[in-house]
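Kindly produce the complete structure, drawing on both the sequences and the hints.
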Amino acid sequence: MTIESIWFPIAASDDLPYRHVYHAQLLGTEMAVWRADDGFVNIWENRCLHRGVRLSIGINEGVELKCQYHGWRYANRTAGCTYIPAHPANSPARTIQNRVYPAIERYGLVWSGIEPEGEGPNFEFLSNRHCLVLRAVSINSPTNMVIEELRKYQFHPSSQLDAKHVEYEVVEWSTNTLIVQAQSQNFSTTALLIAQPVDSYKTVVRGVIEWDDGLEDIPVLRHHAQLINQIRNRVESRAASIPVAELTPLNMIKPSQEFPSSPKQPESGRFASYQVTIARKWQTAEGVSAFDLEPIKGVLPTFQPGAHIDVHMPNGLIRQYSLTNGPGQTQHYTIGIKRESNSSGGSHYMVDSLHEGCKLDISEPRNNFPLRRDALETILIAGGIGITPLLSMARLLDHANLPYKLHYFAQSEKHVTFGEVLSKLGSSVVLHLGLGDSQTKESLHDILSIHQKRMHVYVCGPAPMLEAARVTALKIGWPDEAVHFEYFKNPNAIDDSSEFEIALARSCLTLKVPSGKTIVEILRHNNVAISTSCEQGACGTCIIDVLEGEPDHQDVYLREFEKAGHKKIISCVSRAKSKRLVLDI
Amino acid sequence: MKTKCCSDPAVLNLWYAIAAIDELESDHSYHTTLLEENLKFKVDGNGNPSVRVVNSIPPGKTIGLKQGEEEAELPATVAYGYIWTSLGEPENELFSIPEYEESDRRNMNAATVGVHTSAPRAIENFLDMGHFPFVHSNILGAEPHTEVREYEVEVLQNENEIVATKCVFYQPKAATTSSEGADVEYLYRVPHPFCSILYKSSPVDESRMDVIALFVQPVSEEKVRAHMLLSILDTDNDNSVIGQFQQMIFGQDKPILENQVPKKLPLGSRAETSIRADKSAITYRRWLSAMGVKYGVLSATS
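Which chain is which? The protein sequence lines are Z and Y, in order.
Under the numbering used here, think of the first position of the first sequence as 609, with each following residue one higher.
Under the numbering used here, think of the first position of the second sequence as 83, with each following residue one higher.
Note that these hints are calculated values from the structure, not bench results.
A couple of the hints might just be wrong.
[Stated by the list, open to error] With a straight-line Cα cutoff of 30 Å, these simulated DSSO-like cross-link-like pairs (lysine-lysine) come out: (1) K345/Y to K1175/Z; (2) K376/Y to K346/Y; (3) K1061/Z to K361/Y; (4) K361/Y to K1176/Z; (5) K1175/Z to K248/Y; (6) K248/Y to K810/Z; (7) K810/Z to K346/Y; (8) K1061/Z to K282/Y; (9) K772/Z to K760/Z.
What you are looking at is a predicted structure, and each value in this text was computed from that prediction instead of being measured.
Laid out in structure tokens, this is it:
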């Protein structure tokens, strides 16, 4: 067994008060330790991936950790980067993820390791008991010298601090751990002492004793602090005479990819990378079912507000659903599914045939609808089930105290989806119930008429509503780049009659795209990896940079100014007006 | 000459500012450290500087000094209000800052600050705009105005200077006289591996720029003294007020710089995650690599 595989205490539970970040170190590795508002203890490599600033001086925002230097945010649990303020319009690359160490909170201590094995510390005599955590004492000495002295640890039972005769028994000891029992008359106390190797020349002694609530703790803590300090004095005077060993170097990982100028990681098609269980299914509104999806093992990957996943159903269908979760909420994904009357089977199947306990395959989250956090005010406009991505955005804006309004158009009170979450958002949510087409248009006009510089609007809902919002925003004078849409589907009829050639700049291939075939199909046929999701020109996953040529845009993802620029193409539906396109792939 | 620790000609043959003239008494002897060598220096009554390296290490270990010799004279010059010296043979003249000569400018050493970091980390921080809203909150930047817009960086033709232009950043209080925020334009020059000059639109005269220069004196690979020169168009404030402002700004950077791990600047493109906003830092790292600078950096291959 290597020392890297051992679980060590690296902090006391009390070292992690509300919204604090604690600096720990084990075997030369610095760790930033913080408790999220949901109670989860995060233990991360202590450096921001951007410019190496210690995250232990960062800000615990409850659901994300914020670096002091450039405000990069990392999510609770996954340590994935969720936001880079210097580029508010981009979602950070998935590869920007900090190194995470496992954490177990037990016996009042926080345990971790470099690559610890097994189920964590297990000390029978402390199980189901109250524990008293002793004050940690730092000793400038190699750990083996500390352990030698610790073996002679002699203390008094907690209720017998003045006892004349005490008997001691070492119950168990190993290279880093000692369990010792002190007995006087009929009273006994058992103590667990552990030497935490901070680096090759520094050790922290941590201890826990079994505890009865009736006793006063201060004299007991003082008793042990004095004893451990005596050990420290003895060890340090001996250690001072030995030469300082080479300190263990800091153990740093290297991020694998630069953001975001580097090409997308090639990945083929529609992968289902994660297996999840339906942990909970409930009806959240008339005709809408909600699902909590929990990972079968491990943790779910980082997401940002606006992200969606592909759900691969057992019947072979693949559908996209937006995540509704709040920031840093990664213990499960929550999606909402409306049973569509004109569905081709996806929503029917999900709502009717799947129940709690069923397993599903899902893709990692993709975010083609990123939320800027630098707007002076954000307006969210949802129609019907289009609430789902906007709910995630609203929860983040609410948590970060950023000014926003969520306008939610629904048929009736009964159709209000995720009402229990919406009610927590208070007066920022404005319901517009039971409006007809013309009333909806009027309301949209009222909402959008307050346009000012540095405001951003995000709209998700049925196609006619999106179109109305687009036209209204244009009329009022909103700049294109301040209006963000997410379509469920592409309402346009696709014209795939053209024939053209594509030249692939990176792979030095020239391919013909005949009528009736899409660019994506031709790429796949020639083994060129391309990532896709909806495959109908709505989600934006298959976006490719265009180096030359004029695309024939047929998607609803790109905005007008982007389409006019001819610099990007949604390759699952769009084609070419020119004879040839040069693509950056 | 060779020094105890630094055998890097790209660093050894450079000029370094070691002290602000205004802060020295004439004919008084001062000590400082440059590239781990102990220096003794003074200015005479006519303002002429002299700098000597002091042999403070056991005989036989210092190759640059003849046996038995205790001190050696180093090149010395005065420029921009500082004494400059070199432990090698400086091939080039010191870079020029033409604005310094303009008669209506206030020239002063705003601060000399010791920082426990490497010289290139200090320069990279000086070139960085993205940290303004977070480190210099409500002074040089303010949330939520965090976007770093596209700017241009080039290495000038003779390869001896980096210039970043069209840098625009939102500043909440653009000048002492203005009550609201505005975009401020910056231009950065890096004419020396450990010196950088910043030009910033002047609140007094919009056709001209204030100049703030950072001259980093590497004490060791992970320790510096940073000298900050101001050459500005300010007729209202006392030197002490202007100095205090810059010291406050620097005081905000210092704890960040001292908490960067590792302290040496990694030159490998994958050691840290760079983003578009880091264009000037990426160019600076490549430029140092190309020049073969080894001191205060982690080479791409190591």
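Hints, one by one, checked against the model:
no.: 1; hint: K345/Y to K1175/Z; in the structure: violated (40 Å)
no.: 2; hint: K376/Y to K346/Y; in the structure: holds (10 Å)
no.: 3; hint: K1061/Z to K361/Y; in the structure: holds (28 Å)
no.: 4; hint: K361/Y to K1176/Z; in the structure: holds (23 Å)
no.: 5; hint: K1175/Z to K248/Y; in the structure: holds (23 Å)
no.: 6; hint: K248/Y to K810/Z; in the structure: violated (50 Å)
no.: 7; hint: K810/Z to K346/Y; in the structure: holds (24 Å)
no.: 8; hint: K1061/Z to K282/Y; in the structure: holds (25 Å)
no.: 9; hint: K772/Z to K760/Z; in the structure: holds (18 Å)
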